[in-house]
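**Student:** Protein chains in written order, with my numbering: chain A, 1 to 343; chain B, 1 to 515.
Keep in mind that the hints were calculated from the coordinates and are not lab data. Any given hint might turn out to be false.
[To be verified] Computed list of lysine-lysine pairs in PhoX-like fashion (alpha-carbon distance at most 25 angstroms, straight line):
1) B:31 to A:168
2) B:16 to B:162
3) A:313 to B:67
4) B:67 to A:310
Here the structure is a predicted model, which means the values were calculated and not measured.
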Amino acid sequence: MHREPLLSFTPKGIYCSRADVYIDPHRPVHRALITHGHSDHAIAGHQYYLCTQLTAAILRYRLGSFYQIQTHDFGIPLDINGVRFSFHPAGHIPGSAQVRVAYRDEIWVVTGDYKTEADALCENYELVPCHHLVTESTFALPVYQWQPQPVILGEILDWYQKNQEQGKSTLLLAYALGKSQRLIHLIPPEIPVYTQGSVEQTTDILRKAGLKLRKTIPLSSRLTKKEIQKGITLTPASEINNPWVRSLISPVTATVSGWMTLNTIRKNQAANHGFALSDHVDWTSLNQVVRACGARKIWVTHGYTEAYSKWLKTLGYEAEAVREGYRFEANRSAENQERAGED
Amino acid sequence: MLDHFASLYRTLLLDKFPENRILALEEFLRKNEEMENKLALDLLHAYKIKPLVRRSQLLEWLLEYTKLPEWLIKESHDVTGDWSETFSLIIGNPQIRSSGYSLRRFLDEIDQSKNKLENLRTLTLSFWDKLSGPELFFFHRLVLGTYKPLLEQGFLSRFLSKQYRVEQALVSFRLNRQSLGPESFRELIDPVWQKTEARARPIPFREISAQDPESGSGVQEANWIAEPFVSGIRVQVHLINAEVHFWAYGEEYMPSPIEDPLSFFGFLPEGTVLEGILTGPPVVKSQVKGEKRKGESGWKFLAFDLLQLEYQELKSHSLSSRKQKLDELFKDPVRFGIRVITYKVLQNLEDLPLLESPTGWVLKSLDEPYHPEQIPWIRIKPPGRQVNAVLMYAEAIPARLSVYQCTFGIYNEDQTLVPVVRLIPEGLPDPLVTRLHYWIQNNTLQRFGPVRVVRPQQIFQIGFDDVIENQRLKARLTLKNPKILAWLPDREKSLEIGSLDQLKNPTDPSVFPME
Ligand SMILES: [Zn+2]
Ligand SMILES: [Zn+2]
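Between the sequences and the hints, there should be enough to build the whole structure, so can you do that?
**Tutor:** Below, the structure written as structure tokens:
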């Protein structure tokens, strides 16, 4: 018996026609399920949004409160026109979800962005068995294999310690949503954490929405430069050329991003240093997920789509690179800085 | 330890801040054993290794080891742009932080296996099992022959001299004497000149300080000469024990740039010390191979002074007597590449043909010994010129905060702007740098990657020494030694911007000597 696939890839995004619902659409639609609050997944202009509670808090802050944003808990099924949807933790950033879509005996999982290593802040990634896996592939090449989080944290703290000994101010450059909160949570409580405006606002939104995060101190003119020098300052990478950074006591900067794995990117970035801490799955974990979820067909989005689907085919999977409408194709040369921030 | 060295190597490779490089080196030397330190320094500044295995061979082993398809490795290489890095990232087990190898044992094992491909294969496979990612990167660079020393000798000897309080001359000498030199790190940094070393010890150079033409008062009174100031390497040449040693200004030992220095200097008596300028062959180094004949290496040596003859010191003698001995020594003033500078006595400073000389003159008193109470010789520079140019493009500089690489332009024949010089506004005070930063941010017309096209409104006074023709550039000329003299913020642009015409014709009033 032939029937239409449960999900299809349209110019507006991933679409379930039976329920008339899009997942992370990149054009305005009637109904959108949103995996997480990053701007390449959640745009303004949809009529109805459905997402987890933390993601909703982010969206209200980012998009404005006049949007109709409905929240839905992890693991609770929701029927729309006979199609059963549920959110499952993706481990990418606080509130991030995979979307499971089931109809009769067919199960699809759209991962959104995800990370399998537990980071002690996000809800831990949950492996969801399925027939069709729609996976991201931001770091889907064998050169990307992450060191465990405690190792990288150790390196960051060593670096901070050295900066202290030399009287330098430590700045970590990290995306305001996700990476910043992960770092805030990881930095031991005895080290003061100073936050640039957008980092503080995002953190505050998540705190108010129930995320437990240690104390942070927003940067302000009331603070002395000496105080700031003693702590760790978190700021988005875009701030690096701004005079306030220059005005600190011997500021030294480090980008925190999976892209810091690559020597060329580390060398050509504006920051002094780099730590390869990523919020995405690496090569090894991605292959494990593909194997363990039991899917017979893999749809590869968001990254090294061609290479990774080709690889899966050599392993005997049915696999396809999803291109249409996705803005974030693997992009090897330009805008490394942007990418470094968006990871 | 190998892991420490591998991470130092990575830092030196990726970190562009000299200060961080020094800190990394300091930390490394502190943490490691003496034997390892000497070895590491040799690796960092002079180690040369031929490729031990072809890339295609290593790739073949890797395909076998990882069971990955070749296209995927190539795809990965497209991302990293570096084979050693690609291989290490793919094979490196992120759980391994150190192999526990010492640097010595690691190099020895490579050395023992390098002559037989089968042995090298076995070694490579065992390293792939146990080395960390950074260790692998270093290993791959070594075997592929792409390993390059990352520290310049000058940087290293300055560092060691400061860190361990040894004369830079001595440390730089030892760094170059691998075969005769010390085995251990301690011997390298021993502050005492050994007997054999002391014979080649440099005589401290007399300083030369630059001065503006106007301020040369008082010079007329004495018995002076003016020697042309030639750009090149200022060196002392020592002929000791049938060996030629070169010391560069700053008392830094220099490996001989000339392939067979004895063919140049071998005719001189033992114990001779000359001072002069070495001028090198034209810039492109690897241009002509195998075409060199004796004495035609392209190097020239201009002998200005004689400081020692047959181990007799002459530096306390007057310049006129030194010059006389120099003339006697070189019966034939042009021998191979050597030219002796004969002198003419100047009656009057005003006769100096300053404008004809691109780099100036050095004034020397004929009555003085080489070191009269630490007074420098005076170098007279030709007068500088200046032009008003407008800021056209600003490019953010990686690793520099709020500072831009600025491109300045002047008017072409058809009254359009043409870029003539690219500069970082180094001399500007901090508040002006900040002001310029905001101005650039708010007046960007267009962006091409890191380059911003800005509103052509901000005029800068650019000082320079001379105009040099360059057909590859749009303006067909470039400025020699340009620097920003001043920023004339927000002036009426049509009145102020210079033109190509003015640059080519220096008599024009808008291009006048520096004040
Ligand atoms: Zn994301
Ligand atoms: Zn994303």
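**Student:** Is it true that the CA of residue 67 of chain B sits at most 25 angstroms from the CA of residue 310 of chain A?
**Tutor:** holds (15 angstroms)
**Student:** Within 25 angstroms, alpha carbon to alpha carbon, are residue 31 of chain B and residue 168 of chain A?
**Tutor:** holds (22 angstroms)
**Student:** Is residue 313 of chain A within 25 angstroms of residue 67 of chain B, Cα to Cα?
**Tutor:** holds (15 angstroms)
**Student:** Residue 16 of chain B and residue 162 of chain B were given as a pair; does the straight-line alpha-carbon distance stay at or below 25 angstroms?
**Tutor:** holds (21 angstroms)
Checked against the numbered hints above, the structure breaks none of them.
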